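Asks: Chain residues, written in single-letter form:
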Amino acid sequence: MKLTEEQQAILDGKEGETLAKVMETLVRYGELFGADRMVPVTSEYNHLVTSFGLKALTPVYDLMDRLIETSAYSKQKFSLDPRPLDPKVPANFLQNIVFDHFMYTKQDEYEAQLKKLGTMDDDAYTCTCYMEEVGNVPKKGDILSWSESSAVVYANSVLGARCNRNSGIIDLMGSVVGFVPEFGLLKDEGRKATWIVEVKTTKKPEAQLLGSAIGMKVMEDVPYIVGLDKWLGQLDDAAKTYLKDFGAATASNGAVGLYHVEGITPEAAESGRELLADDVKTYVIDDAELERVYKSYPVIWKKKDAKPKLCFMGCPHMSFEQLTTWTLRVEEALKKNGNRKVVVPTVFTAAPGVIKRFEQTEYAERLKKTGIILSYICPLMYMNNPLSASMPVITSSNKLRTYTSARYYTDDEILAQITGGVQS
Amino acid sequence: MRTFNGRVVANGTVSAEALVSHGGLNTLASFQKALQFGDKSATCGDQNNPDLYGKKMAGKALCLPRTIGSTTGGLVLYCACAMHRQPACLLFSEPIDSLAAAGAILQDIWLDQEKMPVIDSLGEEFLAYVKDGMKITVKENGVVEVESDK
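Residue numbers (our numbering), protein chains in the order written: chain A, 1 to 424; chain B, 425 to 574.
It is possible that some hints are incorrect.
What the hints assert, rightly or not - Simulated crosslink set (PhoX-like; lysine-lysine; CA at most 25 Å straight-line):
1. Lys-302(A) / Lys-457(B)
2. Lys-139(A) / Lys-217(A)
3. Lys-303(A) / Lys-479(B)
4. Lys-309(A) / Lys-457(B)
Calculated from the structure, these hints are not laboratory results.
Fair warning: this is a prediction, and the values are worked out from it, not measured in the lab.
Could you build all of it, start to finish, from the sequences and the hints given here?
Replies: Here it is, written out as structure tokens:
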């Protein structure tokens, strides 16, 4: 890799041993993927995946201490993934003991450490940092050093920024030195689509199912999706919400870091089929294919017909548009089913900034009346322990399904279950 | 015995028994129990991986196509190494993915202890040939020897 004088000086230790090691890490990382130079990070803010003070991650906190001790701070402020704990979310006595005394014992200590390194503010804990209410919205063409697969795929695809699927720690190191290795999704050729996905469904496909199907098929490749624009119309708030959930499913069920939707996403709207690589494979998705994918999910509950004890919506965090739409849908379904409150304890999750905006509207009180709890928690971190894993939890998130024992249902099925309609 | 050639991601030589995953290794799901609940043998906790689920990964020559899942993947591998609960080596049939690459490099550069050799691009044939329990020797320059006698 060819380094600039400034980069070489850092690598040679002119700015200390710690920064030299940070640079060495990034250079070796880039060389593995054929990067021939390091390019400046240009986004205003970074986004980090590690927001949880897990005792098990003590080696990471030790490494961060080494950065702090040598004043190797982030050159950018950053947002982070959601907090793993919220007292508002139902947990039994045993779960609370496990969370507080065994798992997240380092939470306060870690948040203090992150503050020193450069947290944007106390509300910057969300996987949907790209919401206007949070304020970490990269511009088209910005170079990022982000991690969090759902945020990376959104920034690349919907915002047209440029970011690889970085791991935790690598994310922070990019903004400590201010450079990232140029490879993959940072380059024009890495953003070309090697799959053309033809959506031929008879109704608007469920975002979470469509994303899952595409992710499992193309894995880490870039898909160019045709036939979805007819269902999305234009890139408005509803379409952005759809693409948020769709993208998270492509990134977790596969390893997609960028997708193009014909006529909708910025690069596709600009360059159209010029984005197709020379040799493209085709994947046709119709109603039957979505059904096949849905039926393929294993149910890993011990008791397969158990009554759900909890429902999570919002992995990734829900948008303002989703919170208002769902308040209306739940109210209407409850009325239809003759219930006043939800019949399965249900948690909607959203970014702290989105929750604040929502709480200023009349919908907040209406949602509360349905019995639904609104939280900033990370459902994934709540679920990631044997006690929660043995609970029958339902979700509309294909990401949560992939990483935990939560069972996936479509939006309509979730609505029916939590409002006491027909069980699926 | 068969010999395969790959690319060195993290240097080192080692001999260990093979443990094979034909699907991608979901790093977070697989190592979660090892890191959080004191399981020193690193029993794989990923219920979606039938090849590895319930098997002890620590000290094994882990043979796999790639890693998948959360972008915490790299730091989870780094922590497994720091806590001495890592496989003896990681042997990838495909070119390494960005998350495993991060874990491999971080442990190599930032930990002052025995390193975990990591080799990638060993080819599909490697993964088709190697079976659980076979003796693996990782030599210099990305050479991997596989002995079929247990």
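Asks: Confirm or reject each hint.
Replies: Structure-based check of all given hints:
As the CA atoms of Lys-302(A) and Lys-457(B) are separated by approximately 19 Å, the hinted pair is consistent with the 25 Å bound. Between Lys-139(A) and Lys-217(A) the CA atoms are separated by roughly 30 Å; this puts the pair beyond 25 Å, and the hint is violated. Distance hint between Lys-303(A) and Lys-479(B) is fulfilled; the C-alpha atoms sit about 23 Å from each other, no more than 25 Å. About 23 Å separates the Cα atoms of Lys-309(A) and Lys-457(B), which keeps this hinted pair within 25 Å; it holds.
Going down the numbered hints, you'll see the structure goes against just number 2.
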